[in-house]
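Protein chains: 2
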Amino acid sequence: MLNQRAADLDSADPLAHVRGRFILPEDVVYLDGNSLGALPAAVPAAVEDAVHRQWGTDLIRSWNTNGWWDAPVRTGDAIGRLIGAAPGQVVAGDSTSVQLFNTLLAAARLRPGRPLLLTDPDHFPTDQYIADSVGRLLGLEVRRVPAREAAAVLAAEGDRIAVAAYAPVDYRTGELYDMAALTAAAHTAGALAHWDLCHAAGALPVRLDAIGADFAVGCGYKYLSGGPGAPAFAYLARRHQQTFDHPVTGWHGHAEPFAMSGTYTPAPGITRARLGTPPLLSLAALEAALTAYDGVDMEDVRAKSLSLTGFFQDCADELLDGLGFTMATPRDPARRGSQVALRHPEAYPLVAALVARGVIGDMRAPDLLRFGFNALYLTHADVLRAVEELRDIAISGAHRAPALQERPTVT
Amino acid sequence: MLNQRAADLDSADPLAHVRGRFILPEDVVYLDGNSLGALPAAVPAAVEDAVHRQWGTDLIRSWNTNGWWDAPVRTGDAIGRLIGAAPGQVVAGDSTSVQLFNTLLAAARLRPGRPLLLTDPDHFPTDQYIADSVGRLLGLEVRRVPAREAAAVLAAEGDRIAVAAYAPVDYRTGELYDMAALTAAAHTAGALAHWDLCHAAGALPVRLDAIGADFAVGCGYKYLSGGPGAPAFAYLARRHQQTFDHPVTGWHGHAEPFAMSGTYTPAPGITRARLGTPPLLSLAALEAALTAYDGVDMEDVRAKSLSLTGFFQDCADELLDGLGFTMATPRDPARRGSQVALRHPEAYPLVAALVARGVIGDMRAPDLLRFGFNALYLTHADVLRAVEELRDIAISGAHRAPALQERPTVT
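Line by line, the protein sequences are chains D and F. Just so we're aligned: the first sequence equals residues 1 to 411 in full-length UniProt numbering. Just so we're aligned: the second sequence equals residues 1 to 411 in full-length UniProt numbering.
Everything labelled a hint here was simulated from the structure, so no lab data went into it. Positions of the beta carbon are idealized from the N, C-alpha and C atoms, including for glycine. Each hint should be verified, as a subset may be incorrect.
[Claimed, not checked] Computed from the model, here is a short list of chain D residues facing chain F with C-beta under 8 Å:
#  : residue
1  : G56
2  : L59
3  : S97
4  : Y177
5  : T243
6  : P247
7  : M260
8  : S261
9  : P278
10 : A285
[What the hints assert, rightly or not] Label-pair restraints from in silico Cβ distances:
#  : chain 1 : residue 1 : chain 2 : residue 2 : range
11 : D       : G269      : F       : R302      : 41 to 49 Å
12 : D       : A356      : F       : R74       : 22 to 30 Å
13 : F       : E141      : D       : A181      : 41 to 49 Å
14 : F       : P112      : D       : G269      : 33 to 41 Å
15 : F       : P112      : D       : A181      : 40 to 48 Å
16 : F       : A403      : D       : M260      : 53 to 61 Å
17 : F       : P115      : D       : A210      : 46 to 54 Å
18 : D       : A381      : F       : A403      : 54 to 62 Å
19 : D       : P268      : F       : E141      : 22 to 30 Å
20 : F       : A403      : D       : A12       : 57 to 65 Å
21 : D       : T57       : F       : R74       : 28 to 36 Å
22 : D       : R53       : F       : R302      : 30 to 38 Å
23 : D       : A356      : F       : R302      : 47 to 55 Å
24 : F       : D27       : D       : M260      : 29 to 37 Å
From just these sequences and the hints, can you work out the full model?
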């Protein structure tokens with residue numbers, strides 16, 4: 001029955017042809033694209049060209065002749081198309097940590113006299129650490145309020161809040177929050193909305209311009225499949241660009257970088273959010289990776305993603321019943337991102353046993369098995385195989401083998 | 001005569017065999033390795049492996065199985081060997097701008113109550129912008145004092161100075177300053193010494209531990225030849241590591257990153273200076289590039305570099321006499337880095353004409369022709385050819401061709 005349903009769903013999949021744009025290892029079901037996306041087929045040639053021809057042969061001339069100088073803004077615009085940002089509002093470069101720090105501090109500077117930063121106690125750790133760092137530098141209190149309570153807090157004491165910094169998708173449970181509502185609540189209070197799109201960009205439609213978001217950041221290596229440690233991105237709504245006053249004032253963001261002036265004069269537009277020299281080999285990979293989205297409608301991505309995650313939940317209901325798992329991810333599609341998380345007291349060895357069988361997910365301490373679904377390259381047959389393997393492991397006790405109990409450094 | 005001298009010097013060159021570790025375009029004399037180093041022969045295979053096998057096949061498992069997690073510290077140690085830093089004091093990652101910001105702010109925090117930051121009015125623009133940014137965030141005055149006057153200012157009012165932030169080599173003129181003396185002057189005043197090694201790392205011996213430097217940063221893409229926008233590095237002297245209190249608190253620097261705690265607890269040792277996820281393709285290129293230094297003594301690099309730059313100056317004296325050039329770089333070897341700069345009112349078209357003939361240098365407004373010398377891959381014959389071409393252009397007026405007057409975006 002589940003087999004037939006998987007086959008039917010896959011044969012009706014309007015994105016089925018996109019799977020061919022990725023190089024996937026044989027016999028692997030890759031459900032960790034929310035941590036590191038798979039290799040897009042366009043990447044190897046682009047990187048080889050960047051290494052051999054652009055760097056090796058054209059050398060320093062590539063800044064002009066091979067478009068290196070414009071790469072951060074050009075790649076930013078390509079990301080912008082996936083997150084509802086009109087051109088000229090997104091720049092690619094640096095790490096998510098750096099982009100978070102730089103934009104969050106700049107956002108807080110736009111609301112002087114307001115002593116509070118709001119962020120999520122379930123936010124990814126770096127987001128919390130950076131909020132604390134910005135708070136300390138600017139003398140602001142950082143208050144942790146869960147996403148679902150943030151609107152109420154904004155309504156009650158919003159005139160004291162400078163910035164509300166949240167993510168649309170909980171990185172552990174995959175729960176999806178209403179970006180538009182929280183952005184509106186921030187604005188009603190006169191605060192700014194800052195979004196971390198790491199688990200949303202490329203996974204589901206994001207409408208930054210339409211909902212009036214102020215600032216956003218995200219990484220290039222999860223759903224965007226830009227490669228390990230791919231450059232991050234920052235979104236600055238056009239209305240904030242002339243007042244964007246950021247701390248990491250590198251020369252690439254200068255109005256006249258080659259005047260080599262000793263005084264910083266920020267460039268107009270998004271260019272001022274360029275920080276240092278970008279890692280161009282990694283940026284070439286990211287730019288090539290984004291072509292996997294050519295002609296792809298994010299609404300179709302969302303529909304398929306929900307179909308994959310919903311099917312996973314159905315398979316889990318049927319095949320994992322009574323085996324000690326509980327569903328951590330909402331079943332309501334409106335509240336579900338592009339991942340499914342299960343709780344189980346033996347989460348770590350279960351994931352290790354799955355990986356040993358070629359089904360790659362990850363886990364988050366203490367008890368979450370986490371599966372990410374990239375609609376560009378996964379099938380419903382993949383989903384069924386993953387749950388079947390998990391059932392087989394749980395029933396057979398294969399995960400209790402001694403070799404699977406040892407925990408590596410990184411999981 | 002000059003021909004014979006070039007041949008004699010090249011045949012006695014103990015580093016001659018190292019040139020084969022680089023892929024250089026035919027008929028090109030590359031004198032811009034102080035802006036973007038040439039392609040080391042070890043890089044293409046390393047990058048291809050990182051793309052195809054590590055990312056494409058091993059996927060997320062590479063964090064453990066292919067050493068991704070340790071790459072920033074492992075690569076940092078490899079750089080440390082070139083700059084006189086014992087293992088465990090250097091980390092690679094992020095851009096120079098970010099590393100500058102992060103370490104300069106942390107350095108200033110170690111000297112609370114001292115209201116001044118000292119930096120060089122001839123420092124690279126980013127260094128000045130970042131010093132201003134740090135000054136604004138911490139409420140410090142930034143005073144610009146030329147390197148050669150810094151020791152006197154430190155002696156006179158050093159008890160008010162938190163950090164002296166300088167570079168050992170002037171990025172325009174190539175003048176070399178005495179790092180040991182300035183570091184000692186800072187310490188006598190109770191201040192900290194912060195060094196930007198962009199134009200020194202890999203070009204000449206740097207003795208960070210021996211001179212007692214406090215913090216240093218540098219880029220990976222100049223003499224280290226790590227590729228366009230290669231990750232930068234930061235040096236934290238071991239004695240400051242436990243008190244290093246930096247602003248860009250990414251999760252990779254956490255004592256227990258995978259505990260995913262909401263509170264930042266910095267890791268012990270150099271690990272706390274890890275910021276965000278590093279761009280691993282670019283980092284793989286940098287790590288492979290550094291193998292070009294295997295078995296190479298930095299004293300030999302320095303000797304050859306001085307021979308190349310000294311020979312360039314001699315050739316210029318003889319061949320460019322009366323053609324409107326003046327020497328901007330000191331002739332005293334003790335005051336000369338690994339570059340030579342000439343002044344000429346037509347600097348830009350002269351450089352453009354040289355590039356058109358395959359002799360690649362660059363220029364800095366308004367009137368500097370700038371030539372960088374990487375001792376690992378240049379010969380004295382290259383030097384002579386460069387000066388001969390420049391002479392021929394200047395005499396013939398070839399640089400006055402209309403096509404060479406148009407200035408591209410980046411120079």
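Exercise. Which of the listed hints are broken here?
Worked result: 4, 5 and 16
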